[in-house]
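**Q** Protein chains in written order, with the numbering used here: chain A, 1 to 338; chain B, 339 to 787.
The hints are simulated quantities; they were obtained by calculation from the structure and are not laboratory data.
Fair warning: this is a prediction, and the values are worked out from it, not measured in the lab.
From the three backbone atoms N, C-alpha and C, an ideal C-beta is built for every residue, glycine too.
Where hints are given, some of them may not hold.
[As the list claims (entries may be wrong)] Which bits of chain A does chain B cover? Going by a derived footprint, with three or more residues having C-beta under 8 angstroms, they are:
1. 29-42
2. 238-252
3. 287-295
The chain contents come next:
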Amino acid sequence: MSRWLRRGAIALLVVALCWGLDRLFEAFLVEYAVRIVIFCGLNAILAVGLNLINGTTGQFSIGHAGFMAVGAYGGAYTVVQLETWLGPSLTALPTFAQQAVALTSGVLVGATVAAIAGFLVGVPSLRLRGDYLAIVTLGFGEIIRLLFNNSETFGGATGYSGGRPLGLTTYTSFFWVALWAVIVVTVVAHLTRSSYGRALRAIREDEIAAEAVGLPTTRLKVMAFVVSAAAAGIAGALFAHLQSAVRPDDFKLDRSVDMIVMIIVGGLGSVTGAVLGGIFVAVTLELFRQWAEYRLVAYALLLVVLMIVRPQGLLGTRELDLAAVGRWWRARRTGGAS
Amino acid sequence: MRRGATTLGLLLVLAAGCKDRSAESGSAGASTTAPGAGATGDIVIGAYLSMTGSTATFGQETQRGAQLAIDETNAAGGIRGRQVRLVTIDDRGQADEAGNAVSRLIDVEKAVALLGEVQSSLSLVGGRIAQRRRVPMVSPSSTNTQVTEIGDFVFRVCFIDPFQGTVMARFARENLRLSRVAILRDVRSDYSIGLARAFTEAFTAGGGTIVADQSYNAGDTDFSAQLTAIKSAGPDGLFIPGYYTEVGNIARQARRLGLTVPLLGGDGWDSPELRTIGGPDIVGSYYSNHFAPDRVDDRTRGFIERYRARHGETPSGLAALGYDAALVLLDAMRRARELTPVAIRDALVTANVEGVTGRITFDEKRNPIKPAVVLRVTAEGDRFEAQIDPPTQPATTGGAGTGTGSSPTTVPPPSGASTTGAAAPAERPGSGGGERVPEARDPAAAPRS
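Make the full structure from the sequences, and use the hints.
**A** Below is the structure:
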């Protein structure tokens, strides 16, 4: 009982912290800076999700932008239908309640449809290994994008704006992104540390050995794939309601590559590393803006240097936690004093 | 649970970083609600364009055109004694980057006006932010009607799709003296349907008849059934509002069936591929476009020469539209009562600017009312045939006495003859060499004073 009480208290604290930060950013940061912080959170969700399949399980997916697209279109469509259905009874609510009702349903639907898409793609393709799996996921990612590109309902190449001049309602704020980031990180971190996580790591290290000791490898891989796709769907739905429109061109291979860069920079297999990697990509790309057309060159150079200096990524397979940082800090202080 | 707390800690650390950064780069930004309102320093026009990525040429050409217009203004003394600076931010052709670029231009670069994007889908994302932040935006070449429907801060200098239907109808009626025209449209393309509808309305209003209305699907290769039906209706012209691949094939099959009437189309024809596919059968056809590179017009020629001197290549239509978008913004800045985004927007509404793609004024939906050119397909390339002026003069210029009259570069809208033949292109005396900006303006003589 006290354990549940403690968990509830922590959850409340987390929500309060997200809310406080959100208010703080609103008050003191310009919109541009708030956008960067929001993208840090979105990237964290994407990276942590992808890391479960690419890092922990060792299966290489390069089509995750497709699942993000499914989540984005699914979420956006749901919210537009909900808004039409509820009409004035929704707009009469205070802003926060509107966000809570509309965005939460959008994100939940986005995550669900992305998970279903992940299951449908995963079942046939996860029998393959290595390069073959990468090629199949790449193909599926492109198929999903092209389906939206040719869909009348979703606005074709111009993208989906819900048929309104001002586009999709921009519900996404830092609070919601932070909240979903915490939820995704918590779920994935627990999964990674559970017996499932150990089984997934066993598949990564040696799939044949894992199968030999009786692990249902295909089922485990599909499960990891579905969770990973759901995370991409969550990020997609949040992304749609930040951007006011969803365009098929935003889910090209570039997006999948960006996601892979995040987890490699952070350290394959590390949950906190993935978070760091996501933040790294969002922040450096914006920091380099001043170099105009050399921005992407500088970014690529930085990645090359980083891979030479730290081929295992920022954190490798280790995890960052506050207790370890505290120990390191105390050790450094005592070291410096002596 | 500790993991969750850890992540939050991380987010906190990150947030602190972002905050520091924005505090140093935008310390004025947090308090300034009207960026660029100060009376010193450069005036910033913010451009968000795809300078890298798969559509990089769109952004690069537009930027070159816009930069040329701004350099010419600066060489002539700038605006109210201040230099104008074009800050271009690359969006990689991606919507999230376009959103970041627009908010950065407003928050950090303190742009008083925005220029961009080429792709309509990106203009929709950027335009909604511009509208919300109340900073005027001029899109050089987004033709989708949705773009300016965003709101009263979003403008464009290219004509919208349906306008071309009207243009070709008037060209067919007034220049070619056709009276019985058949239409062959692509049923699955909004562009094609929009053009066909506008053509039908304008052509019948002008006294002509549509004798046949046939359709095809993009990707078709055999059009003989439709063309036979069209031939039996006995038209004296055929309007094909489609893209160059099908148009080329239609031209070949039409000639083979003995249908020798002139073919007409829109800017979907604009590709060197048209002549490759259509061969000699497409020669002698006409289509509407934004810009005619070979036009015997001093303004256009001056622009082409200066652009070629700078970049060593003939400007494309995108470069010309980028140039005009910048001209419209610079003109609005000159006439605005003060250099704030809102005042510039108010001045934009009453714009009346002689650009290289024609005289630009805005209708009540902030779409330009400006001439289109009709090109004739020849074996060597497309040649300027005629300029078709917009049908009616806008009500907005009538009530614009406050600003337009005081600007030497803006003259009253042309009246009378609405179409002009190739031999006598719409020409203003005194626009020699296209030197539009050199009339140095006394800062004190700002309009509205």
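**Q** Evaluate each hint against the coordinates.
**A** Hint by hint, here is what the structure shows:
1. 29-42: Coverage by chain B holds here, the residue count being 11 at a Cβ distance below 8 angstroms.
2. 238-252: holds (count 8)
3. 287-295: holds (count 5)
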